[in-house]
Amino acid sequence: MATPSPVLLSVENLEVNFGAVRALKGISLDVHAGEVVALVGANGAGKSTTLRTISGLSRPRGGKIIFDGKPIGGIAPSRIVTLGIAQSPEGRRLFGGLTVADNLRLGACTRTDKEAIVRDSERMFMLFPILKQRLKQLAGTLSGGEQQQLALARALMAAPRLLLLDEPSLGVAPLLVRHIFSALAELKRQGMTMLLVEQNITLALDLADRAYVLRTGQVALSGRSAELRDSERVAQAYLGAAT
Amino acid sequence: MTQLDYILQQIVNAVSLGSLYALVAVGLSIVFGVLKLTNFAHGDVMMVGAFGVALLVGIGVPFPVAVICGIAAAAVAGFLIERIAYRPIRDAPDVARLLTSLAVTYIIENVGILVFTSSPRNFPLPDILNTSWEMSNGAITFTSINLLTIALTFVSLLLLGWFITRTTTGLGMRAAAEDMSAAHLVGLNVNRLIIVAFIVASAYAGLAGILWAAQAGVVQPQMGFTPLLKAFVAAIIGGFGSIAGALVGGYILGALEIFIVAFLPSSVSSYRDAIVFAVLIAFLLVRPGGLLQPNREIKL
Ligand SMILES: Nc1ncnc2c1ncn2[C@@H]1O[C@H](COP(=O)(O)OP(=O)(O)OP(=O)(O)O)[C@@H](O)[C@H]1O
Ligand SMILES: [Mg+2]
Chain Z
1 MATPSPVLLS VENLEVNFGA VRALKGISLD VHAGEVVALV GANGAGKSTT LRTISGLSRP
61 RGGKIIFDGK PIGGIAPSRI VTLGIAQSPE GRRLFGGLTV ADNLRLGACT RTDKEAIVRD
121 SERMFMLFPI LKQRLKQLAG TLSGGEQQQL ALARALMAAP RLLLLDEPSL GVAPLLVRHI
181 FSALAELKRQ GMTMLLVEQN ITLALDLADR AYVLRTGQVA LSGRSAELRD SERVAQAYLG
241 AAT
Chain R
1 MTQLDYILQQ IVNAVSLGSL YALVAVGLSI VFGVLKLTNF AHGDVMMVGA FGVALLVGIG
61 VPFPVAVICG IAAAAVAGFL IERIAYRPIR DAPDVARLLT SLAVTYIIEN VGILVFTSSP
121 RNFPLPDILN TSWEMSNGAI TFTSINLLTI ALTFVSLLLL GWFITRTTTG LGMRAAAEDM
181 SAAHLVGLNV NRLIIVAFIV ASAYAGLAGI LWAAQAGVVQ PQMGFTPLLK AFVAAIIGGF
241 GSIAGALVGG YILGALEIFI VAFLPSSVSS YRDAIVFAVL IAFLLVRPGG LLQPNREIKL
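Residue numbers (the working numbering), protein chains in the order written: chain Z, 1 to 243; chain R, 1 to 300.
None of these hints come from the bench; they were simulated from the model.
Beta carbons: idealized from backbone N, C-alpha and C, even for Gly.
A hint or two may mislead.
[What the hints assert, rightly or not] Computed spacing ranges between beta-carbons, pair by pair:
1. Z:Ala20 - R:Pro93: 17 to 27 Å
2. R:Thr226 - Z:Lys70: 51 to 61 Å
3. R:Ala92 - Z:Lys70: 25 to 35 Å
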């Protein structure tokens with residue numbers, strides 16, 4: 001099955017080392033415009049490292065990252081946000097001593113289009129109504145689920161063309177996980193392109209069009225979600241990593 | 001003089017001294033926030049501001065203009081210190097950065113001694129600032145410079161409050177202080193934030209240096225050492241890296257010092273600095289993160 005939309009992000013043979021640790025040993029993946037792609041795998045497989053490197057927080061040792069036709073490997077994180085990639089990081093990483101409103105404001109710090117920013121915050125409040133009630137509250141005082149919604153909203157305030165999500169269900173109560181994933185489904189309907197890292201495979205494959213399974217810094221398996229969902233090999237890829 | 005007048009007088013003194021500590025401590029905290037570095041050269045930036053005013057007034061520049069230029073000179077000094085000394089070692093181990101910070105202090109002070117000698121010079125205060133005001137039939141006096149210190153601190157701290165809660169750059173500075181990689185991820189230009197942090201912090205140090213010299217009546221190259229040490233204590237009491245904490249810590253320390261001398265017998269109060277440091281140690285034991293950050297360990 002060929003995907004008609006153009007490739008938005010292309011990662012080719014990406015290698016990242018931390019000292020002697022080879023975190024990524026040559027990963028290749030594509031994300032097409034309008035697509036949701038899941039990146040799954042066991043602990044330490046290199047999922048977060050992949051996202052952090054795309055965002056410019058880690059320097060690639062080798063390989064290419066091409067966004068919208070331009071190589072972006074190794075350029076400054078703020079430039080990458082300006083080009084259109086925003087990330088909601090693992091563990092949320094909110095500015096806990098700042099208010100919800102100020103966290104959202106900083107999410108839009110690379111933008112200058114005031115009216116569009118106001119419009120986008122209205123959209124955030126439609127997607128995550130609880131945030132509107134919490135605007136003046138310090139982000140650190142929110143519940144886990146509320147914080148995750150704020151982390152998503154903060155990333156979306158950058159008006160990204162590609163949204164990187166690192167474990168949006170982590171530390172979130174089950175009921176709110178459902179809420180968050182229905183918000184992500186809504187975003188998908190609106191055409192947002194996403195690269196989603198998620199421990200909960202069922203949730204990830206339900207949302208995503210395609211998925212890559214990482215194992216110890218390499219792509220062990222990839223394919224369409226529907227195919228992978230029933231595949232024994234996904235479980236095997238996980239087990240392989242655990243041993 | 002009645003008991004009440006005496007107490008009021010001491011409160012005025014405490015607010016005035018506390019203002020100076022707060023001005024210096026706030027700058028230390030701003031820089032620590034974005035770099036996680038204790039900038040010992042901060043005291044020397046005070047010296048730059050004070051000398052700037054002394055030299056300019058010496059060649060006939062009106063005092064208020066000289067003050068503005070002195071603050072600007074301090075800001076430029078801070079900018080240069082960051083650019084020349086700290087940026088190249090930004091990712092170096094903590095020990096290297098701390099040593100660099102100490103080295104910068106020694107270099108600036110020694111250049112100051114070479115150029116100006118280490119003997120104190122008169123700080124040229126205009127007559128209008130040398131007058132004193134009396135209340136309650138002379139029971140309470142404050143000098144104009146006391147009042148000016150309190151007023152300027154108040155105004156400049158309000159300005160700082162506006163900056164760090166209302167502007168994107170100010171919010172960004174606090175965000176970067178909390179979580180550097182999250183600051184990168186939202187697209188803040190962290191390099192620019194660090195530069196702004198040094199400029200703002202150094203401008204406040206310049207103002208503090210000018211007011212400190214005005215109260216002391218003299219300037220000399222090592223004048224920054226004592227206020228730096230005190231501001232350091234103040235910042236730790238309040239919670240190192242927290243701007244509000246530095247403020248609170250500055251006023252607490254000012255009050256502590258004044259009240260120890262004013263209300264304790266002289267046999268005790270001559271140990272003022274020892275008492276202050278004992279309080280500091282007690283603080284570090286009970287609340288390692290300071291008053292406003294009870295849960296955070298301080299790493300210097
Ligand atoms: N800053 C770092 N310094 C050293 N090693 C690191 C660093 N970050 C990640 N690693 C190592 O790189 C490998 C991949 O880590 P990464 O965080 O990308 O895994 P992950 O797939 O996101 O795992 P998890 O599911 O636990 O979040 C691990 O072996 C990890 O220990
Ligand atoms: Mg991870």
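To see whether the hints hold, each was checked on the structure:
1. Z:Ala20 - R:Pro93: 17 to 27 Å: holds (18 Å)
2. R:Thr226 - Z:Lys70: 51 to 61 Å: holds (54 Å)
3. R:Ala92 - Z:Lys70: 25 to 35 Å: Holds, at about 32 Å.
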